[in-house]
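J.: Protein chains in written order, with UniProt numbering: chain A, 1 to 336; chain B, 1 to 336.
If you are wondering where the hints come from, they were derived from the structure by calculation, not from laboratory data. Note that this is a predicted model, so its numbers are computed, not measured. Backbone N, C-alpha and C fix where the C-beta goes; we use that ideal spot for every residue, glycine too. The reader is advised that the hints may include incorrect statements.
One-sided and incomplete, this derived list gives chain B residues near chain A with beta-carbon spacing under 10 angstroms [claimed, not checked]: (1) Pro116; (2) Met264; (3) Ile265.
These stretches of chain A come out as covered by chain B in the derived footprint (C-beta under 8 angstroms, 3 or more residues) [as the list claims (entries may be wrong)]: (4) 255-266; (5) 273-282.
2 protein chains.
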Amino acid sequence: MTDRARAIFDAVLPARLPDPVPFSADAPSNIALSKYWGKRDAGLNLPLNSSLSISLAEWGTTTRVGPAEDGADAVWLNGERLAPETGFARKVVAFAERFRRGQTLPLHVRTENTIPTAAGLASSASGFAALTRALAGSFGLDLAEDRLSMLARFGSGSATRSLWHGFVRWDRGAREDGTDSFARPLPEIWPDFRIAIIRVDTGPKSQSSRDGMGHTVATSPLFGQWPEQAEADCAAIEAAIKARDFLRLGALTEANALAMHATMIAARPALCYLKPESWQVLDRLWAARRDGLEAYATMDAGANVKLIFLEDSAPVIAELFPDAAIVEPFGPAAQR
Amino acid sequence: MTDRARAIFDAVLPARLPDPVPFSADAPSNIALSKYWGKRDAGLNLPLNSSLSISLAEWGTTTRVGPAEDGADAVWLNGERLAPETGFARKVVAFAERFRRGQTLPLHVRTENTIPTAAGLASSASGFAALTRALAGSFGLDLAEDRLSMLARFGSGSATRSLWHGFVRWDRGAREDGTDSFARPLPEIWPDFRIAIIRVDTGPKSQSSRDGMGHTVATSPLFGQWPEQAEADCAAIEAAIKARDFLRLGALTEANALAMHATMIAARPALCYLKPESWQVLDRLWAARRDGLEAYATMDAGANVKLIFLEDSAPVIAELFPDAAIVEPFGPAAQR
Numbered sequence: 001m002t003d004r005a006r007a008i009f010d011a012v013l014p015a016r017l018p019d020p021v022p023f024s025a026d027a028p029s030n031i032a033l034s035k036y037w038g039k040r041d042a043g044l045n046l047p048l049n050s051s052l053s054i055s056l057a058e059w060g061t062t063t064r065v066g067p068a069e070d071g072a073d074a075v076w077l078n079g080e081r082l083a084p085e086t087g088f089a090r091k092v093v094a095f096a097e098r099f100r101r102g103q104t105l106p107l108h109v110r111t112e113n114t115i116p117t118a119a120g121l122a123s124s125a126s127g128f129a130a131l132t133r134a135l136a137g138s139f140g141l142d143l144a145e146d147r148l149s150m151l152a153r154f155g156s157g158s159a160t161r162s163l164w165h166g167f168v169r170w171d172r173g174a175r176e177d178g179t180d181s182f183a184r185p186l187p188e189i190w191p192d193f194r195i196a197i198i199r200v201d202t203g204p205k206s207q208s209s210r211d212g213m214g215h216t217v218a219t220s221p222l223f224g225q226w227p228e229q230a231e232a233d234c235a236a237i238e239a240a241i242k243a244r245d246f247l248r249l250g251a252l253t254e255a256n257a258l259a260m261h262a263t264m265i266a267a268r269p270a271l272c273y274l275k276p277e278s279w280q281v282l283d284r285l286w287a288a289r290r291d292g293l294e295a296y297a298t299m300d301a302g303a304n305v306k307l308i309f310l311e312d313s314a315p316v317i318a319e320l321f322p323d324a325a326i327v328e329p330f331g332p333a334a335q336r
Numbered sequence: 001m002t003d004r005a006r007a008i009f010d011a012v013l014p015a016r017l018p019d020p021v022p023f024s025a026d027a028p029s030n031i032a033l034s035k036y037w038g039k040r041d042a043g044l045n046l047p048l049n050s051s052l053s054i055s056l057a058e059w060g061t062t063t064r065v066g067p068a069e070d071g072a073d074a075v076w077l078n079g080e081r082l083a084p085e086t087g088f089a090r091k092v093v094a095f096a097e098r099f100r101r102g103q104t105l106p107l108h109v110r111t112e113n114t115i116p117t118a119a120g121l122a123s124s125a126s127g128f129a130a131l132t133r134a135l136a137g138s139f140g141l142d143l144a145e146d147r148l149s150m151l152a153r154f155g156s157g158s159a160t161r162s163l164w165h166g167f168v169r170w171d172r173g174a175r176e177d178g179t180d181s182f183a184r185p186l187p188e189i190w191p192d193f194r195i196a197i198i199r200v201d202t203g204p205k206s207q208s209s210r211d212g213m214g215h216t217v218a219t220s221p222l223f224g225q226w227p228e229q230a231e232a233d234c235a236a237i238e239a240a241i242k243a244r245d246f247l248r249l250g251a252l253t254e255a256n257a258l259a260m261h262a263t264m265i266a267a268r269p270a271l272c273y274l275k276p277e278s279w280q281v282l283d284r285l286w287a288a289r290r291d292g293l294e295a296y297a298t299m300d301a302g303a304n305v306k307l308i309f310l311e312d313s314a315p316v317i318a319e320l321f322p323d324a325a326i327v328e329p330f331g332p333a334a335q336r
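Just chain A, same shape as in the assembly (with noise of 0.2 angstroms):
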């Protein structure tokens, strides 16, 4: 942890927590309509533009942080004790450790996430979002919602905007130190749009996203458009779901995302997360848009396409792609 960041939590939390109790925190996975993809800051995690994204309902991570009767740091996912050198428990306990900051207050953390693995989506934002929420809880901290989103984003960019269902804007903020660069909830709610998750299978990924964030930053000649764009794109998002403006909202998805591929196709060499099989996707669905569906893609750091649309759409969309996984992220498990 760089001082900076520690300083980030020396000022927000207490100088000495209490001891730990049994909590327990959830929170839902999300899909950037509007993408993060660029780094201001990388010791504070902090972007170089805001971004806007849509909660997957029950899809998410279900955190339970508890005093460690035996003394000692221990994780569990789904179930399973990790060894400590694992990495998934030592990001969970490395980010524990922001919270405790020296002090010896060892817990347990038991980790269940309820994303489908054939889904193919990360869980590393609801992961975040969810143990964050747990951490305060434990500590019987009294946190305000845009702190939790701020400490959250220590712990992965897009976990930042993972602390709530429904629609959330993150923005990128101005102050150096990224003390108001956190996420908030946007007030509206869209009872019939739905998303649909398209797993594109080509076994691992070449290149985690904060890597292939570096390499485009680095490299790519195009990239210096793409901050300004995409807060343009951002704004844009958001007056669209306010205006309840459906083609408009798509249309400007399906152009931020394929904006960002761009940047990292024009990276040397290219990083091409988007696959063969990704791009057959993309053509099924823009020869159904031609023949009157309106529907939109959207691509994150990896080979899967993630379709919105409303809800007298879904027919047609699972006619077109029987495998694909729908979820309602206004329904009964984003109104718990």
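Starting from the known structure of chain A, arrange chain B on it as the hints suggest.
T.: Using the frame of chain A, we list chain B on its own:
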């Protein structure tokens, strides 16, 4: 024809042309290693950036121009006399008219393309280059090569580079009237340089390259950085040719092509000349390169993929891409 274009032809050609005599000329097709993408002046067909190509030896066009004994312009394509309203016939006559500027000098123009239809390559580059040479010869004009190249530019941008065999560089030029925007052949001969054309059959193009270029310049938020990068790539590719550094040449060529396609993918709506099958070819190439193959790809405003490599990689290329057509750009056909 704009008045400014007319002024160029007036400056280069004599006020009155003599009666035409039969004259035949040929020109090779070419593939840009450093792409021409974006115009700074549509009326004068002036590019935003310089470009550099390799000509395709025996693949090209032979054009014969002679007086029309029957007193009426007529155009033949591959032995077939075209109706005057055919697109190709109209383009040929319009280009001849740039030379005649109102003089009544009816012409018969016979065009033979030697590009295999299966190659899926456009013939406008070699077509307008051969036509320019044939018109100049038919009217007995003693024009310097750079003037011929500048005039060919008015037929098609890539025709500017198709007057010669081997490597050719088209300088964007700085003058507003475009009189310094023409190509010149590079002196370098690279006998074991090879090109493979991998046809990706996807039916007719969705959009002409001229329209695609205009759409990209007008709507792609990432286009702004292209001209400067393309200019730098062009200079670096020329330097790599002079240094006989094939790996550097290959990496730059592929990166330049992908950057051009990235500008299109980011256009709004996206312009994807590359099809899923094109990405499959690239994936196969990249996998082979991880195994040591020294070959690089370039793609134009269409779905086909072209590879560049040196002769000693030819057996592996033939095994990987059995349907590829192989061109020897410095072979016997280029030495006539």
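J.: Now tell me if each hint is right for this structure.
T.: Structure-based check of each hint:
Checking B/Pro116 against chain A: minimum C-beta separation of about 26 angstroms lies over 10 angstroms; hint violated. The closest approach between the C-beta of B/Met264 and any C-beta of chain A is roughly 8 angstroms, which is under the 10 angstroms cut-off, so the hint is satisfied. Nearest Cβ of chain A to the Cβ of B/Ile265: about 4 angstroms, under the 10 angstroms cut. The hint holds. Note: the stretch 255-266 of chain A has 8 residues with beta-carbon separation from chain B under 8 angstroms; the three-residue rule is met and the coverage holds.
Judged by the Cβ-Cβ criterion of 8 angstroms, the stretch 273-282 of chain A is covered by chain B as claimed, because 7 of its residues qualify and three suffice.
Of the numbered hints stated above, the single one contradicted by the structure is hint 1.
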